[in-house]
Amino acid sequence: MKKDIILAGVGGQGILTIATVLGAAALNRGWNLKQAEVHGMSQRGGDVQSHLRLSDQIIFSDLIPYGKADMILSVEPMEALRHLPYLAPDGWIISNSTPFKNIPDYPDEEQLYAEIKKIPNNVLIDADSIAKAVKAPRSMNIVMLGAAIKYLEFTPEELKEAIKMIFNRKGERIVEENLRALDAGINA
Amino acid sequence: MEKMMLLGDEAVAQGALDAGISGFYGYPGTPSTEIIEYAQQSKQAEEMKVHRVWSSNEKTALEAALGMSFSGKRAMVTMKHVGLNVAADPFMNSACTGAHGGLIIAVADDPSMHSSQNEQDSRFYGKFAMIPVLEPSNQQECYDMAFFGFELSEKYHIPVLLRLTTRLAHSRSGVIRRNSIPQKELKLPEDLYQFLLLPAIARKRYKHLIELQADFLKEAEQSPYNQLTLEAKDYSMGIITTGLAYNYLRENFIDQPIPYPVLKISHYPLPEKAIHQLYDKCDSLLVLEEGMPVAEDILKGLAWTGTKPIYGRLDGTIERDGELNPNKVARALGLPDTEGKPVPAVVRPRPPALCIGCPHSDSFLALNEALKDYGKGHVFSDIGCYTLGFMPPYNAINSCVDMGASITMAKGAADAGLYPSIGVIGDSTFFHSGLTGLMDCVYENANVVIVILDNSTTAMTGGQEYTGYGKIEDVCKGIGVNPDHIRIFKPLKTNWDEMVRIYQEEIAYNGVSVVIPRRECIQTLRKKNKMETPE
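Chain order of the listed sequences is A and B. By my numbering, the letter at position 8 of the first sequence is numbered 8, and the numbering carries on one by one without gaps. By my numbering, the letter at position 367 of the second sequence is numbered 555, and the numbering carries on one by one without gaps.
Warning: the hint list may mix true and false statements.
To be verified - Straight-line alpha carbon distances no greater than 35 Å define the calculated DSBU-like cross-link-like pairs of lysine-lysine that follow:
id, chain 1, residue 1, chain 2, residue 2
1, B, 237, A, 132
2, A, 3, B, 516
3, A, 164, A, 150
4, B, 718, A, 164
5, A, 170, B, 488
6, A, 118, B, 315
7, A, 101, B, 716
8, B, 343, A, 160
9, B, 237, A, 3
10, B, 191, A, 170
11, B, 488, A, 132
12, A, 160, B, 718
13, B, 191, A, 2
14, A, 117, B, 516
15, B, 392, A, 132
16, B, 315, A, 150
17, B, 237, B, 343
18, B, 237, A, 101
19, B, 488, A, 135
20, B, 681, A, 164
21, B, 678, A, 164
22, B, 715, A, 101
23, B, 461, B, 406
24, B, 392, A, 3
25, A, 170, B, 529
26, B, 343, A, 101
27, A, 150, B, 421
28, A, 118, B, 421
29, B, 488, B, 469
30, A, 117, B, 529
31, B, 715, A, 160
32, A, 3, B, 715
33, B, 516, B, 564
34, B, 529, A, 150
35, B, 343, B, 421
36, A, 101, B, 681
37, B, 529, A, 2
38, B, 718, A, 101
39, B, 421, A, 2
If you are wondering where the hints come from, they were derived from the structure by calculation, not from laboratory data.
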């Protein structure tokens, strides 16, 4: 079994944390992982993506081929669409609806939502509001992860375990915030 | 042994640490930065007292690493591909001096120019210097090749070039560690004139380097990192892969054996025997390389008399520029290509930009205001975050060539009569390669305004320290800039009038002016504040 995921967003929105948590859950299963990241210039407010490949088999390419991704998981609606050429015909697009507007010609959100809904397997949630509602405003990214896991066939328990591992050294409060965010995303 | 999840860069660093390295040297540059950053955060490196402080530039770094090698200890120097241009002088000569303690020159190339101004291929440098080159294809090889590279270096007393590319440097995967070995003792070279390239000695050393070529070839032909698989179903084509390209080939045959014979190359010079075996057996060759067509070019050569076709980047089977990916390789193999839906038209580009609240933003807007009566085309800039001053709403700069070129291009333009002629450079870049250019300006009293944007860090690569921190105005004074024309302000909207006035006054002054807008990078400031206020 393999899961190829394009993580998308804007520099600084926390997509690498999603990759770290999901990666830890995969490793706990004894799976293999490859994760291509973007460093350098694009991190300065530009669009960023990470190719996260999880598999119980050996993984060769660090990049997911076009048209083969099982999921685009995006913390920003316009960025979800930027990577459509990677998505497999039966793949899922899971996106936050809250736009990140740092360009003068940012399009109308409704147009973006309409495009996302054209993909048969889509989930569009307001992860920023959900994160605030459960008093975990900095964990919007983990809300998105929560919304994605059932389509990735990971259990909540596996992800909770991974969150505890990853955030443990930041203290109990941060762990609890992220666990709340994960649950809120799962139930969204 | 323990399995770690490491970026390619980190695997190189961990490999070097386990292989008993005594010193890392380098200057930050995407995609190489994480090698030294990893070593800086490593407890093991701290316990071993491994040197891992940033150098002023790639040239000083390589020379220091060579000095450590002279002293019998294992050293690694790290840089991005264009950094090797800066270090080219010691690099080429180190092939002649050779090494004593193991010396690895780790260079990370950036095909597709994700964060660079060109996509030069460092393997050309390896061939130019006539030294062995290692090009790992995955994170495990990054780790293992640190051991292998040091051993090879010490066996032949030669520096070894380790070539990485972006997709390996910045991709994470599992790495299995080996037992670590102790550092080397301080020990002088047997021949105390080995590193003394006076013509009489240099001629001998060069002959020696030429003699070593046969050994380097033999090593590559026997290398565990070069694997020829001749057994195959289909001999209409033989495939040569270098480095990372092997992965994209395998990706296209994930559920089945590759039908063609394959030569996987990760250790240069090119293993000639294996190439001949492959060529003799097949009707054609396909060469898959990440970067420039280095191997393909050598195979075809100018005096190429072979009759079988060789496909690759040179004949357009694969795009001539840009990094490889599984789809490019699929098309080269004649396999069906895959693609999802196109990007909807509503999606707009989101280029990188100066952060909200960035000090450079205020510095550029005030500079634009001061220059508004002179028209466009007066500002030479440099390599760093402030290159983003090109983007709207600033549209503030007219050049970005190489580290330090802002100052020297401004001087040349002023020599030609351009007025005003402004050079804009960052603080870390100034100490990397700007100082000598400023001395040229002072020596001739060129009519330039040099703006040294001081945000107290090497910002673009993620906020590394640099050697000249806190010394800008003292250094400028010391090299002869008139202290009355070294002007400092804090780039903030509230200081608008002062900023514009200072720029205008220095533009009006006929001679060398240095203007220093000084305010800390908001990214490093944010990081510091986070560390100081526990959550």
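Consistency of the hints with the structure:
no. : hint          : in the structure
1   : B:237 - A:132 : 46 Å, violated
2   : A:3 - B:516   : 22 Å, holds
3   : A:164 - A:150 : 19 Å, holds
4   : B:718 - A:164 : 21 Å, holds
5   : A:170 - B:488 : 57 Å, violated
6   : A:118 - B:315 : 52 Å, violated
7   : A:101 - B:716 : 26 Å, holds
8   : B:343 - A:160 : 50 Å, violated
9   : B:237 - A:3   : 42 Å, violated
10  : B:191 - A:170 : 23 Å, holds
11  : B:488 - A:132 : 62 Å, violated
12  : A:160 - B:718 : 25 Å, holds
13  : B:191 - A:2   : 20 Å, holds
14  : A:117 - B:516 : 30 Å, holds
15  : B:392 - A:132 : 72 Å, violated
16  : B:315 - A:150 : 52 Å, violated
17  : B:237 - B:343 : 25 Å, holds
18  : B:237 - A:101 : 46 Å, violated
19  : B:488 - A:135 : 64 Å, violated
20  : B:681 - A:164 : 44 Å, violated
21  : B:678 - A:164 : 43 Å, violated
22  : B:715 - A:101 : 23 Å, holds
23  : B:461 - B:406 : 10 Å, holds
24  : B:392 - A:3   : 58 Å, violated
25  : A:170 - B:529 : 40 Å, violated
26  : B:343 - A:101 : 57 Å, violated
27  : A:150 - B:421 : 42 Å, violated
28  : A:118 - B:421 : 44 Å, violated
29  : B:488 - B:469 : 17 Å, holds
30  : A:117 - B:529 : 13 Å, holds
31  : B:715 - A:160 : 27 Å, holds
32  : A:3 - B:715   : 34 Å, holds
33  : B:516 - B:564 : 41 Å, violated
34  : B:529 - A:150 : 24 Å, holds
35  : B:343 - B:421 : 39 Å, violated
36  : A:101 - B:681 : 22 Å, holds
37  : B:529 - A:2   : 21 Å, holds
38  : B:718 - A:101 : 25 Å, holds
39  : B:421 - A:2   : 28 Å, holds
Violation of the numbered hints given earlier is confined to hints 1, 5, 6, 8, 9, 11, 15, 16, 18, 19, 20, 21, 24, 25, 26, 27, 28, 33 and 35; the remaining hints are satisfied by the structure.
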